[in-house]
Amino acid sequence: MSNNRVSRRQFLSYTLTGVGGFMAAGMLMPMLRFAIDPVLQKHDGGDFVKTEHKIADLTEAPVKVDFSFEQVDAWYKSNVTNVAWVYKNGDQIIALSPVCKHLGCMVDWGGDSAHPDQFFCPCHAGRYEKNGKNVAGTPPLGPLDEFEVQDQDGYLMIGPAKANTLVK
Amino acid sequence: MYFNANDVTSFMAQKDFIDTAIVPLVSIDLSSEKMKQSGAEVDFVMSLTSFIEQQFKGRLLVMPPFSYMTTLKNDELPQQLEAQLHNAGFKHVFFITCDHAWTTSGDIVNIIWLPAIPLESMDASVKKSIMEDQLRQVIPMLSTKWAQI
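Chains B and X, in that order, give the protein sequences. According to the numbering used here, the first sequence is numbered sequentially starting from 1. According to the numbering used here, the second sequence is numbered sequentially starting from 1.
Treat the hints as calculated values from the structure; they're not laboratory data. A portion of the hints provided could be inaccurate.
Computed beta-carbon distance windows for the label pairs [stated by the list, open to error]:
1. X/127 / B/22: 46 to 52 angstroms
2. B/111 / X/74: 38 to 44 angstroms
3. X/5 / B/64: 28 to 34 angstroms
4. X/125 / B/148: 44 to 50 angstroms
5. B/159 / X/139: 29 to 35 angstroms
Beta carbons: idealized from backbone N, C-alpha and C, even for Gly.
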């Protein structure tokens with residue numbers, strides 16, 4: 001027998017503290033979980049999508065890159081294929097959205113034979129320079145959006161769209 | 001643009017730019033031997049129409065499909081629809097269909113007829129390249145009309 005024996009009073013207070021602690025934790029934990037919930041939320045659509053294009057194959061000339069992801073629209077799930085115009089500017093990889101800022105058609109690189117080095121919108125003859133800047137005098141009022149890009153094992157990953165950062 | 005509340009709102013605001021209407025004409029056959037073929041046609045017409053919409057969103061309004069059965073078919077339907085759409089301010093009206101019978105109306109209205117390709121058993125990438133080929137056939141018809149203004 002050890003010489004510091006636990007008295008009845010001590011035993012009861014230890015037990016009550018222990019049990020009370022568990023009960024308090026049981027109440028506080030869910031509250032804490034709810035409080036920090038927004039931080040733990042998974043962000044849909046903000047993820048990067050892997051494409052079949054190798055970064056090494058990209059050149060200064062814009063190429064069309066397809067990437068598809070699953071889109072959930074209420075209870076309707078669909079596979080959406082999106083397109084980006086991707087090219088290299090020095091070491092920087094640039095992915096531009098093909099959606100015309102005028103009314104949302106798909107622009108084409110070099111689609112107008114008179115302006116082979118520009119993006120061309122076939123709907124209302126809108127034009128954009130290579131960095132996405134809208135050509136003054138054509139219908140679009142803003143530059144093409146840009147996609148965030150990442151490199152994964154040499155393959156191009158395309159992320160969420162953001163406002164064009166190349167046009168000063 | 002589609003014929004829904006959101007797109008129609010932007011259509012009303014941008015009427016000058018959206019001068020083309022696309023009307024899918026789909027035939028529905030409920031006889032047991034042709035029902036599947038009929039379904040494949042609807043599938044094809046609707047996929048192609050959505051693809052055209054995606055490419056030329058800012059210039060055209062896609063109407064909800066007009067469907068009919070052989071017995072309920074009205075041969076004047078395209079002409080009447082076209083007149084209504086012209087009244088509503090559309091300069092160009094295109095009908096897109098897999099039903100060969102409409103090609104006889106091709107002199108009076110713009111009919112885009114394409115043979116249905118069964119898409120149901122294809123995987124996504126094959127489907128996509130086929131739809132791109134089909135789209136390439138449709139684009140010249142649209143752009144020649146657009147160039148005629």
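Tested hints:
Between residue 127 of chain X and residue 22 of chain B the C-beta distance comes to about 58 angstroms, which lies outside the given range of 46 to 52 angstroms. A hinted range of 38 to 44 angstroms for the beta carbons of residue 111 of chain B and residue 74 of chain X is consistent with their spacing of about 39 angstroms. The hinted window of 28 to 34 angstroms between residue 5 of chain X and residue 64 of chain B holds, with their beta carbons roughly 32 angstroms apart. One distance hint, 44 to 50 angstroms for the beta-carbon pair residue 125 of chain X and residue 148 of chain B, is violated here, with the actual separation near 25 angstroms.
Range check, residue 159 of chain B to residue 139 of chain X: Cβ separation about 31 angstroms, and the 29 to 35 angstroms hint holds.
Checked against the numbered hints listed earlier, the structure breaks hints 1, 4; every other hint is satisfied.
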